[in-house]
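For the record, the sequence lines run as chains U and S. Reminder that position 126 of the first sequence reads as 126 in this note's numbering, one-by-one numbering, no gaps. Reminder that position 44 of the second sequence reads as 44 in this note's numbering, one-by-one numbering, no gaps.
Treat the hints as calculated values from the structure; they're not laboratory data. Note that this is a predicted model, so its numbers are computed, not measured. Backbone N, C-alpha and C define an ideal beta-carbon position, used for all residues, glycine too. Hints may be right or wrong, so weigh each one.
[Stated by the list, open to error] Listed next, the in silico EDC-like pairs over lysine to aspartate or glutamate satisfying Cα-Cα at most 16 Å (straight line):
| id | chain 1 | residue 1 | chain 2 | residue 2 |
| --- | --- | --- | --- | --- |
| 1 | S | 190 | S | 218 |
| 2 | U | 113 | S | 298 |
| 3 | S | 255 | U | 109 |
| 4 | U | 23 | S | 52 |
| 5 | S | 55 | U | 41 |
| 6 | U | 108 | S | 41 |
| 7 | U | 61 | U | 141 |
| 8 | S | 55 | U | 19 |
| 9 | U | 52 | S | 63 |
| 10 | S | 44 | U | 135 |
| 11 | U | 113 | S | 293 |
| 12 | U | 113 | S | 41 |
| 13 | S | 37 | U | 107 |
| 14 | U | 151 | S | 18 |
| 15 | U | 137 | S | 18 |
| 16 | S | 64 | U | 41 |
| 17 | U | 108 | S | 47 |
| 18 | S | 64 | U | 45 |
| 19 | U | 108 | S | 298 |
[What the hints assert, rightly or not] Short, incomplete list of chain U residues facing chain S, as computed with Cβ under 8 Å:
| id | residue |
| --- | --- |
| 20 | 26 |
| 21 | 30 |
| 22 | 44 |
| 23 | 112 |
| 24 | 133 |
| 25 | 138 |
| 26 | 139 |
| 27 | 164 |
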Amino acid sequence: MSEEQKSVCDEKNFRMIFENHSKVILNFVYYKCGDMQQAEDITQEAFVKLWKNCSKVLFGKAKSFLMKVAQNAFLNEVRHQKVLLKYNKQSFSSIKFDYSPEFLMEEKEFMIKLERCIAELPQKQRVVFLLSRKDNKTYREIAEIIGLSQKAVERRMHLALLELREKLGRSI
Amino acid sequence: MEKPDKTNDLLAKWVSNELSDSELEAFEKSKDYMLYKTILEGTKLLEVPETDREKLFDRIQEDKHKETKVKRLIPNWAYGVAASVALIFGVALFLNQKISYESDFGEQLAVTLPDGSEVLLNAKSKLYYKEQGWGEEQRNVFLNGEGYFIVKKGSTFTVISGEKKVSVLGTQFNVITNSNFFEVSCFEGKVKVESGTSSKIISKGERVRDIDNTLQYDEIKEHNPTWIHGESSFSSIPLSQVIIAIEKQYNVIIKSENIDQKLYYTGAFTHDNLQNALHTVFDAMDIKFIFIDNTTIELSEE
Numbered sequence: 001m002s003e004e005q006k007s008v009c010d011e012k013n014f015r016m017i018f019e020n021h022s023k024v025i026l027n028f029v030y031y032k033c034g035d036m037q038q039a040e041d042i043t044q045e046a047f048v049k050l051w052k053n054c055s056k057v058l059f060g061k062a063k064s065f066l067m068k069v070a071q072n073a074f075l076n077e078v079r080h081q082k083v084l085l086k087y088n089k090q091s092f093s094s095i096k097f098d099y100s101p102e103f104l105m106e107e108k109e110f111m112i113k114l115e116r117c118i119a120e121l122p123q124k125q126r127v128v129f130l131l132s133r134k135d136n137k138t139y140r141e142i143a144e145i146i147g148l149s150q151k152a153v154e155r156r157m158h159l160a161l162l163e164l165r166e167k168l169g170r171s172i
Numbered sequence: 001m002e003k004p005d006k007t008n009d010l011l012a013k014w015v016s017n018e019l020s021d022s023e024l025e026a027f028e029k030s031k032d033y034m035l036y037k038t039i040l041e042g043t044k045l046l047e048v049p050e051t052d053r054e055k056l057f058d059r060i061q062e063d064k065h066k067e068t069k070v071k072r073l074i075p076n077w078a079y080g081v082a083a084s085v086a087l088i089f090g091v092a093l094f095l096n097q098k099i100s101y102e103s104d105f106g107e108q109l110a111v112t113l114p115d116g117s118e119v120l121l122n123a124k125s126k127l128y129y130k131e132q133g134w135g136e137e138q139r140n141v142f143l144n145g146e147g148y149f150i151v152k153k154g155s156t157f158t159v160i161s162g163e164k165k166v167s168v169l170g171t172q173f174n175v176i177t178n179s180n181f182f183e184v185s186c187f188e189g190k191v192k193v194e195s196g197t198s199s200k201i202i203s204k205g206e207r208v209r210d211i212d213n214t215l216q217y218d219e220i221k222e223h224n225p226t227w228i229h230g231e232s233s234f235s236s237i238p239l240s241q242v243i244i245a246i247e248k249q250y251n252v253i254i255k256s257e258n259i260d261q262k263l264y265y266t267g268a269f270t271h272d273n274l275q276n277a278l279h280t281v282f283d284a285m286d287i288k289f290i291f292i293d294n295t296t297i298e299l300s301e302e
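Between the sequences and the hints, there should be enough to build the whole structure, so can you do that?
Below, the structure is given as structure tokens:
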């Protein structure tokens, strides 16, 4: 059976859609609003909506349907908080920080500042930056997720890096 | 700073390995190259909060076969009420004009609403309402942070935060809202509290907290929230909420990964001296705090 002919109403296919796409939807919403509880609520709502419309949505279009519902949630009321990614100390030593000798900041200090600078990025840039860096999405995939051209996504990525460099550079 | 190449978005291309050899070589020689590289390396170390997706799927399964239920509040009581309410609210996108007020770190802001009702906002809090139709059929306000409300009698006055609502007809109450935490304390009269699908009416001297989507009762002794008198006090509250309150009062970041997140705190901290505040809260809990820089504090177990 081709992808397009699979029915979303089939429990097995629905489960598969959940497996494949729930994580990126959760993270996408989290990067926008900074509230995982809310990201779960919105993701849940999107999947329930998908189920209710399962006869009308093609299997191959399920992802963009989910994304649209998640996006729409932001037209309504959404709580915003600081987007905080936790700094994982365990994996720290395995990464080489070779930003020296100009790099006078302690690594830990740098990480704390980086955390804060990412939280302070304009939302649109942050979403692109984190989908690219934390979810390993290509610019084309991100463009699809947020409904923009690939060009615009690259622009936001570029600006995000400039902004981070600007802020971190200043504090070094 | 060199002028960014607007047509090329060089940095984006660099991240995705799309630079040509000569572009890459030039970029690697630029003075900011190491910093950019460190930013990407550092980002790898940051963790996105994990979610239990299995549980989420179960919740979806439950909801799939249910009709969507929208619970609305239809209040049927009609007298002055005084309450203290704790909630967390968000900022909404509006189609019509909204009027908003925002207090900064460590600041309190008094707001008078069009109907003469008053709101005192605690530190780092935001309040807004939609101008259109306000005061006629509804008096809905949206709060992100904490506020003490003194409401004039009139149509239903509702403080909204996502699925959480507090409604009264005329009252005084205090609202705080934080992620995963919702608390309402009533100082006089009655208030109706709604959280998701559960709702409760509480009376003078009572408090409810939303714990895992159920509203739990408790009792209070105060006659109004202590924070309006320059001190924040708590009674068996998750320590994480006390930390958020300190952060907002003093504009600091408190890193608490190294301590037990399940601790509960009863006590108070002052608003005019950070050192004193930290000592009062954390000494009692046997938690050490160190300043990493002027605005960052890290906690650890003794």
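Hints, verified against the model:
no. : hint             : verdict
1   : S:190 with S:218 : holds, 15 Å
2   : U:113 with S:298 : holds, 14 Å
3   : S:255 with U:109 : holds, 12 Å
4   : U:23 with S:52   : holds, 10 Å
5   : S:55 with U:41   : holds, 12 Å
6   : U:108 with S:41  : holds, 13 Å
7   : U:61 with U:141  : holds, 14 Å
8   : S:55 with U:19   : holds, 13 Å
9   : U:52 with S:63   : holds, 10 Å
10  : S:44 with U:135  : holds, 10 Å
11  : U:113 with S:293 : holds, 11 Å
12  : U:113 with S:41  : holds, 14 Å
13  : S:37 with U:107  : holds, 14 Å
14  : U:151 with S:18  : holds, 14 Å
15  : U:137 with S:18  : holds, 15 Å
16  : S:64 with U:41   : holds, 14 Å
17  : U:108 with S:47  : holds, 15 Å
18  : S:64 with U:45   : holds, 10 Å
19  : U:108 with S:298 : holds, 12 Å
20  : 26               : holds, 6 Å
21  : 30               : holds, 7 Å
22  : 44               : holds, 5 Å
23  : 112              : holds, 6 Å
24  : 133              : holds, 5 Å
25  : 138              : holds, 7 Å
26  : 139              : holds, 6 Å
27  : 164              : holds, 5 Å
Taken one by one, the earlier hints all hold for this structure without exception.
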